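Below are the chains, spelled out letter by letter.
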Amino acid sequence: MKEVTILSGKGGAGKTSVTAAIASVAENAVFCDNDVDAADLHLIFNPEVKETHTFYGAWIASIDEDKCTNCGICKSHCHFDAIHYKEEGGLYINPFQCEGCRLCERVCPVGAITSERSENNFWYVSDSRFGPFVHAKMGPGEENSGKLVTEVRRKAREIAKETGADFVINDGPPGIGCSAISSVTGTNAVLLVIEPTRSGLHDAQRLVELVDSFNIPLFAFINKDDINVEVTREIEDYLEQNDISLLGRWSFDTGLVESMIEKKSVVEYSPDSQTTRSGRMVWKQMKEFLEVGRVVSS
Amino acid sequence: MSYKIAIASGKGGTGKTTVSVNLQKAIASELTSGVLLADCDVEEPNDRIFFSDATIISEEEVHQMVPEIDTDKCTFCRKCVEYCEFNAIVVLPPAGFAEVNTSLCHSCGACSVACQDGAINEKPVPVGEITRMDTGIGAGLTEGNLKVGSAMQTLMIKELKKSITEDYDVVLYDAPPGTSCPVVETVADVDYVVLVTEPTPFGLNDLMLMVELLVNLDKPFGVVINKAGLGNRDVYEFLNEQNIDILAEIPFNKAYAGKYASGDLLTDIDQETTESYKKIVKSIEERYLQYEGSNYFKW
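Protein chains in written order, with the working numbering: chain A, 1 to 298; chain B, 1 to 299.
The hints are simulated quantities; they were obtained by calculation from the structure and are not laboratory data. As the structure is a prediction and not an experimental result, all values here were calculated from the model. Glycine included, every Cβ here is placed at the ideal spot set by N, Cα and C. It is possible that some hints are incorrect.
Now the stretches of chain A that chain B is said to cover, found in silico as 3 or more residues with beta-carbon under 8 Å [said to hold, decoys possible]: (1) 7 to 17; (2) 74 to 86; (3) 102 to 110.
With a cut-off of at most 27 Å between alpha-carbon atoms, the simulated DSSO-like pairs for lysine-lysine come out as follows [to be verified]: (4) Lys254(B) to Lys263(A); (5) Lys75(A) to Lys161(B); (6) Lys75(A) to Lys259(B); (7) Lys86(A) to Lys259(B); (8) Lys162(B) to Lys86(A); (9) Lys264(A) to Lys137(A); (10) Lys259(B) to Lys279(B); (11) Lys219(B) to Lys75(A).
All chains should be built: construct the whole structure from the sequences, respecting the hints.
Here you go:
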């Protein structure tokens, strides 16, 4: 079983549209949405949820006002500036700023502080027309998105093993921080979706640096390649200089937005379009790499 | 105290940076030149790309304090392990081994409190840098840039904000995508949020998540619909149903997307788009003029 993660650095480059196109052509695969805090892939997958699990998030501390003596020891120990004096006096912990280290609870001399685990994050195991699908919904403002990414990926791999699936395909989060790191570690290949803008290139370069630090093979795909020909050329040069194979490209296609509105992948929406042909080609090459370690067709 | 506005979206690629950069320019010409832009998308900071003649005023490295265990003093009691909620410390008494895993450490300071033997010292580890720039527009730009490989984006945003010590009339925070802790950190102390969405199903889904978050945080907000004309009417229906202010619509224009691509956002803007930004400034102006200079503990 081989795993691939689709990433971009910059948000809105087309990760989810590319993932959906691949989902339509990849056989015997398990799919996993790693963008847990703004998940969109389910809008195309229309999943039938089979299992719902609570993900126990970070601890959140709160102060019992009846016991608190306002000594301020907790406030002076908090490294996250989460403890404040209220205008009317007394201390208060802002749950959105609390990191859940529980130090305040330990240093409080009168035992006025207790912590509870956030239960506002969920992950799901679903069936879909593309195959098994593992996805999540984080509560707004929650912490630990990296751990939740690790959890959904673990489950997707487990399902793949149980069902004898050949592939796990991860739709990644934007950025290069904790969620992106969690979606990259241990995967067999990364497909980088780039839009030809200076921001897109800049963000992609940072992601390349991150993926390289894990020694994971990297492939590229250019979306909206006609939006700025000059920047597209720059990206091609960059990829060549860095030995990153370009597996395909899409031109700007309103069919992508239209397919999204119809809750379809572009392969389902316009099966004979150039966009669909390029989508098929990307997976063909990716699959070759995952199976035999190199890309044969081009 | 500065009046603070965050530009956020939930979904990536809806146009936060486009709106931030143009809004700063519009505020500088319509309202006050004392307007600073702060790029809080520290994982992928892009604002600077749109100011080709920016000059750097100052650069400052940001550090995370990470504990180090001195095994000569350590008695291997494991109290620090017990205190660490992030499983970042490994202590193996028989092997005389005690170490902190930097990438798991949240720098909460609990282990230092736990240690009774004076074996834990904190040493600074770089997580990124803050760059202050003169861009010729308003009060310029300040940017937080997370070091590749670091997972301390929230700390980086916090330090970026702390570094803004001068008193400006308006500070604009260009927020990261998503709805989790880095976004919360960005909007934590703002007076108003401009949400940027696009009229597509993905845009709507992520807008709804952001609205839920901002309602929870009790933050006032309005919505800018970018790329208007693409997609469908569902976003409009949602905003009408929820009685949410539409600050402006910015029409989708492929030529403009091409200008964004090359890093040019601030020249030759068409009349319709210019009017849209003026409209946004007008809605902000009322709030700004009524601002009494403190949002202390509003949330």
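Here is how each hint holds up against the structure:
With 6 residues having a Cβ less than 8 Å from any Cβ of chain B, the stretch 7 to 17 of chain A passes the three-residue criterion, so the hint holds. Coverage of the stretch 74 to 86 of chain A by chain B holds. Counting CB-CB distances below 8 Å, 6 residues qualify, and the rule asks for three or more. Given as covered by chain B, the stretch 102 to 110 of chain A passes the check, having 4 residues with a CB less than 8 Å from a CB of that chain where 3 are the minimum. A hinted pair counts as satisfied when its Cα atoms are at most 27 Å apart, and lysine 254(B) with lysine 263(A) qualifies at roughly 24 Å.
Taking the CA atoms of lysine 75(A) and lysine 161(B), the gap is near 20 Å; set against the 27 Å cutoff, the hint holds. Distance restraint check for lysine 75(A) and lysine 259(B): the Cα-Cα separation of roughly 49 Å exceeds the 27 Å cut-off, and the hinted pair is therefore not satisfied. Between lysine 86(A) and lysine 259(B), the direct Cα distance comes to roughly 48 Å. Violation of the 27 Å bound is thereby established for this hinted pair. For the proposed pair lysine 162(B) and lysine 86(A), the alpha carbon gap of about 21 Å is at most 27 Å, so the pair holds.
With a CA separation close to 21 Å, the supplied pair lysine 264(A) and lysine 137(A) stays within the 27 Å bound. Pair hint lysine 259(B) plus lysine 279(B) holds up; C-alpha atoms about 22 Å apart against a cutoff of 27 Å. Our distance criterion of 27 Å between C-alpha atoms is met by lysine 219(B) and lysine 75(A), whose separation comes to about 25 Å.
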